Amino acid sequence: QGFHGVHTLHITEETPGIPGPIMIAIKETRTSDHNLHLALGNPDHRHDQLHQFCMRPRVKNIRISALDYPNVVAREPVVPGAIDYNRLQERIEDLGKGSRLYQSRIRGISPSQAQDALIRYEWCEMAAAKYTNEAYRVGELALGVDVANSEAGDKAAISRWQGACLTEVEDFPCPDANLLGLRVFNEATSSKVDPRYIGVDPVGVGAGCINEMKRLGMKVRHLGGANKAIPGLDKDTLWSETETDLEGKMHAIGPTVIEAERFDNLRSQMYWRFREDVRLGRIALPQDEELFSDLTLPTFTTVNGKISVQSKEELVKNLKRSPNKGDAAVYGNWVRRRTPLATVTEKKLESTENRDRGLERFLHQQEKRQIKENRDIMKRLKAKHRAARRRA
Numbered sequence: 091q092g093f094h095g096v097h098t099l100h101i102t103e104e105t106p107g108i109p110g111p112i113m114i115a116i117k118e119t120r121t122s123d124h125n126l127h128l129a130l131g132n133p134d135h136r137h138d139q140l141h142q143f144c145m146r147p148r149v150k151n152i153r154i155s156a157l158d159y160p161n162v163v164a165r166e167p168v169v170p171g172a173i174d175y176n177r178l179q180e181r182i183e184d185l186g187k188g189s190r191l192y193q194s195r196i197r198g199i200s201p202s203q204a205q206d207a208l209i210r211y212e213w214c215e216m217a218a219a220k221y222t223n224e225a226y227r228v229g230e231l232a233l234g235v236d237v238a239n240s241e242a243g244d245k246a247a248i249s250r251w252q253g254a255c256l257t258e259v260e261d262f263p264c265p266d267a268n269l270l271g272l273r274v275f276n277e278a279t280s281s282k283v284d285p286r287y288i289g290v291d292p293v294g295v296g297a298g299c300i301n302e303m304k305r306l307g308m309k310v311r312h313l314g315g316a317n318k319a320i321p322g323l324d325k326d327t328l329w330s331e332t333e334t335d336l337e338g339k340m341h342a343i344g345p346t347v348i349e350a351e352r353f354d355n356l357r358s359q360m361y362w363r364f365r366e367d368v369r370l371g372r373i374a375l376p377q378d379e380e381l382f383s384d385l386t387l388p389t390f391t392t393v394n395g396k397i398s399v400q401s402k403e404e405l406v407k408n409l410k411r412s413p414n415k416g417d418a419a420v421y422g423n424w425v426r427r428r429t430p431l432a433t434v435t436e437k438k439l440e441s442t443e444n445r446d447r448g449l450e451r452f453l454h455q456q457e458k459r460q461i462k463e464n465r466d467i468m469k470r471l472k473a474k475h476r477a478a479r480r481r482a
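My numbering applies: residue 91 is where the sequence shown begins, and numbers increase by one.
Just so you know, the hints here were simulated from the structure itself, not pulled from any lab data. Quick caveat: nothing in here was measured; it's all calculated off a predicted structure. Glycine included, each C-beta is placed from N, C-alpha and C at the ideal position. Possibly wrong hints are sitting among the right ones.
[As the list claims (entries may be wrong)] With a straight-line Cα cutoff of 16 Å, these simulated EDC-like cross-link-like pairs (lysine to aspartate or glutamate) come out:
#, residue 1, residue 2
1, 245, 260
2, 318, 354
3, 309, 277
4, 309, 284
5, 402, 354
6, 282, 331
7, 396, 354
8, 396, 351
[What the hints assert, rightly or not] Restraint ranges, calculated between C-beta atoms of paired labels, are given here:
#, residue 1, residue 2, range
9, 169, 109, 31 to 39 Å
10, 164, 215, 35 to 43 Å
11, 230, 469, 33 to 41 Å
All chains, full assembly: derive it from the sequences and hints.
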């Protein structure tokens, strides 16, 4: 940094592995029109330094596939020592044709996400295919809010949910977090969104947004990512199997899972919930490439048996901006009312011969009626006892 000249050439080899600050330093050093930068390497994913460099305006990117290499095409060593046909076939067999590493190492194509990405791009595309399915829009409205407080820097974002469908994610400049609180309050009031289904990150500038909404008389859900994971029932797992009682009412009989102990903090828990929802086809998403980029960027690891999702600070370094849309979508998905579609599981009966189901229903109704009559009798007796005590 600080080295300048009229004619310079910077060359970075294995560019995906070069830290972001170094790439920024090279960019800032190139002040003259004839200061060039040649970046080489095999792309790891669409968010790495090489792919991001190739996407810059005025950058000419050239992809070289091993399938087109002279030695491979001619099937003879045109360039001695470089990749040959037989060796290439072995590498394809090892990596698996069409695999992520095949695309990266053989064809030079950037995979949609990192190998250890939490959410896969194809899951987002499958969720987008469900966007017009009205069955996913049955349910309450919900909002997820990622707060900002900057004139020209980080943007704020609001995700809007209807049932299990993310109808829209809007990001916009937000110079005043308190005014954002007023904006969310007005939208929630006009659209009749229950405050229980509004999630806001209260950390840092988010406090101003929440305090303003509180001043206006609306208490929303606080989603501090660094907080401990919240113990709770996995309702989707619970309703994975159902049964119908004698009155025709449906009840959940699936396994109950308390999953808080699996995560290192609330952020990891919320992102993992979103991952499972999109992976299992429980939600619908709009076709929004910036949203997909935010969602497929975070990676995850397991630390001391707990799932840990990549921190927001690390994401900002890699993405060169805050993943506003992704965070807002995750917040909205976490707070929305969950009404999973129940799948009826038929229970096997011991024997259906000479079984009078009509009689069973009648006896069940009689039992309920008797319980109600006993309850009414007890109420009348207690009322007479209280009246007698008052007269005494």
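Consistency of the hints with the structure:
no. : hint                  : in the structure
1   : 245 x 260             : holds, 10 Å
2   : 318 x 354             : holds, 7 Å
3   : 309 x 277             : holds, 14 Å
4   : 309 x 284             : holds, 10 Å
5   : 402 x 354             : holds, 14 Å
6   : 282 x 331             : violated, 32 Å
7   : 396 x 354             : holds, 6 Å
8   : 396 x 351             : holds, 7 Å
9   : 169 x 109: 31 to 39 Å : holds, 32 Å
10  : 164 x 215: 35 to 43 Å : holds, 38 Å
11  : 230 x 469: 33 to 41 Å : holds, 36 Å
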